[in-house]
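Asks: Quick mapping for you: the protein sequence lines, in order, are chains A and B.
Using the working numbering, the first residue of the first sequence is number 3, and each one after it goes up by one.
Using the working numbering, the first residue of the second sequence is number 124, and each one after it goes up by one.
Mixed in with the good hints, there may be bad ones.
What the hints assert, rightly or not - The calculated lysine-lysine pairs, modelled on DSS-like cross-linking and capped at a C-alpha distance of 27 Å, are:
id: 1; chain 1: B; residue 1: 425; chain 2: B; residue 2: 320
id: 2; chain 1: A; residue 1: 46; chain 2: B; residue 2: 580
id: 3; chain 1: B; residue 1: 568; chain 2: A; residue 2: 46
id: 4; chain 1: B; residue 1: 132; chain 2: B; residue 2: 365
id: 5; chain 1: B; residue 1: 574; chain 2: B; residue 2: 443
id: 6; chain 1: B; residue 1: 364; chain 2: B; residue 2: 353
Hints are computed from structural coordinates only; laboratory data are not their basis.
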Amino acid sequence: MASKVIHALYTDDDLLLQAVRQVREARYRIGEIYTPFPVHGLDKAMGLAPTRLAITSFIYVIIGLVVAVAMMNFIMIEDWPMDIGGKPSFTFIQNSPAFVPIMFELTVFFAAHLMVFTFFMRSKLWPFKKAENPDVRTTDDHFLMEVVIGNHDAEELTEFLFNTGASEIKLIDNK
Amino acid sequence: MYTLSSKLKIFSIVLMVVGLLGLVYGFIAAPSTIEEVREFVASHDEPHEAMEMPLPGQTEDELEDDAEGFDFVPSEHQVITERMDEESHTMAEDAELVHLEHVLHQLQNKPWAAVYVAAFFFFMIALGTLAFYAVQYAAQAGWSPVLFRVMEGITAYLLPGSIIIFIFLALSGLHLNHLFVWMDPEVVEHDEIIRNKSGYLNVPFFLIRAAIYIAGWNIFRYFMRRNSLKQDEATDIRWYKKNFKLSAGFLVFFIVTESMMSWDWIMSLDPHWFSTLFGWYVFSSMFVTAVTVIAMVTIYLKSRDYLPFVNNSHIHDLAKFMFGLSIFWAYLWFSQFMLIWYANIPEEVTYYVARIEDYQLVFFGMVVLNLIFPLLLLMNSDFKRVNYFVVMTGIIILLGHYLDIYVMIMPATVGESWFIGIPELSALAFFGGLFIFVVFNSLSKVPLLAKGNPFIKESEHYHY
């Protein structure tokens, strides 16, 4: 992808939020923002679509519940009914109070683990992956905004970003 | 400044009058002789009687319905029946007469129990709201101060509500009704378990305890409300600081007294039975209904343009509480149920046998109303901001928790003769009307914004 971008560094998250609003108002396109910690309200300021992670979570919850019910039904009712404390083990419904904790735990287990994996996949993270961040200082105390130049004038954009309070501005030419 | 609209006023008064008339009818219609009960039973034929006749050679154990899914010990409340009727055994040899007398006592209890359920239900909303209010102060919450006047308005019902309960308990102590079996000296005489508890369960001590709880809650409420109003005009935050300390003190006092109150006023209806998490269980019911009522009153006032400073983030937060606390309630309900079900100790399990055999629909229906509905309706984040969604769910939660209190109180007092009829609905109407009247009357007395609260700016700008 041969595109020119400008990396503007900020030293404060409030300043960054304000700059993001100004940049978007001026109709420049923000490619990506790198921050050392999650900045509250940044997603809304950037105009990102709301996360769909909650929907996947609901799906995983249902999967977990179904797995738990099927598992308990197979283990405790069909395959090898066990007499534990004289509790009836003839049908699932009779013994269901004993299964509720397991159903609950597996539901949480599935939702939690599958959501983490979904999040990793969605963020394109996997083991031994090389870090993508363009400046190591974004892991410490700097905030980096990547603005796509496109067919704007680089000088003008630099001037604009400087006025939003950027402490450092770099032109990056991806060949 | 809110003014009580004449429509609402008339509505609440009509509710009270209708409720009162229905209650009077309920008390008059309650049978006073065995003859009347005989007619009543004859007109309400009970087909299930025939089904429960054991076949020759069949034990009671085998009679338990496997199809219903719950195989407990044989009907334990027959044990209760025998105990309660021990005195009458000598008088009446005829088993049918004993049964009819038993039904007579239950039917005589019914209007009293109906009043008790409704009175407790609305009282606990006011008390739960006070606890929620104190939590907001003690946690120095920044989101909620715009709702403080609404909460204070709801807690205004605490005084009349608790006094009504106290009068009711005093009348029980005077043997005008027989809801509390342990208050009957004849029963205590023949019952070793109750006799051993009589150091705690005796009428004078019971009423003294009730007076201490009620006085304590109302004194805390009085001072917190007064300080909150004084803070409006103050130049420093002295009154706020006082309220912060008072709230912390109240919460300590509340969690102890609330727990004991639930043992005294509800758990002692089944004097043989006990559950160590009962206080928490009643608390969760109280808390979730309180938050629901706060949300509903807020939405009502907002829809009349009285709360311009409340935005949908506040409603969202209240709905989150409704959602979370509904799950909390279900967690406690299930914790109590499953341990007793699993251990299956006769003296503990009687409690659930009575409920599952005679109250199956209400008992399990209320779990659906209190857990499944709020869980599914309020799960989506966006729905928590839609006012009519919150109100609809709120109505379901209130209904479910009324039934929750109903199945806490009714099985011990009216047993299998329960029916949600005129006395129950009238009691609900009467106390509902009184609640609406007191709460909205109190809301109309003072400005609806606690403008002196140091967090009020943060709360107005609160945005999730």
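Asks: Take the C-alpha atoms of residue 364/B and residue 353/B, compute the straight-line distance between them, and say whether it is at most 27 Å.
Replies: This hinted pair holds, its Cα atoms lying about 12 Å apart.
Asks: Would the pair residue 46/A and residue 580/B pass a check requiring their Cα atoms to be no farther apart than 27 Å?
Replies: holds, 23 Å
Asks: Hint check: residue 568/B vs residue 46/A, CA-CA at most 27 Å. Holds or violated?
Replies: Violated, at about 41 Å.
Asks: Given the proposed pairing of residue 574/B with residue 443/B, does the C-alpha separation stay at or below 27 Å?
Replies: holds, 25 Å
Asks: For a C-alpha distance cap of 27 Å, please report whether residue 425/B and residue 320/B respect it.
Replies: At roughly 50 Å apart (the allowed maximum being 27 Å), residue 320/B and residue 425/B break the hint.
Asks: Between the alpha carbons of residue 132/B and residue 365/B, is the straight-line distance 27 Å or under?
Replies: Distance ~35 Å between residue 132/B and residue 365/B Cα, so the pair is violated.
The earlier numbered hints that this structure contradicts are 1, 3 and 4.
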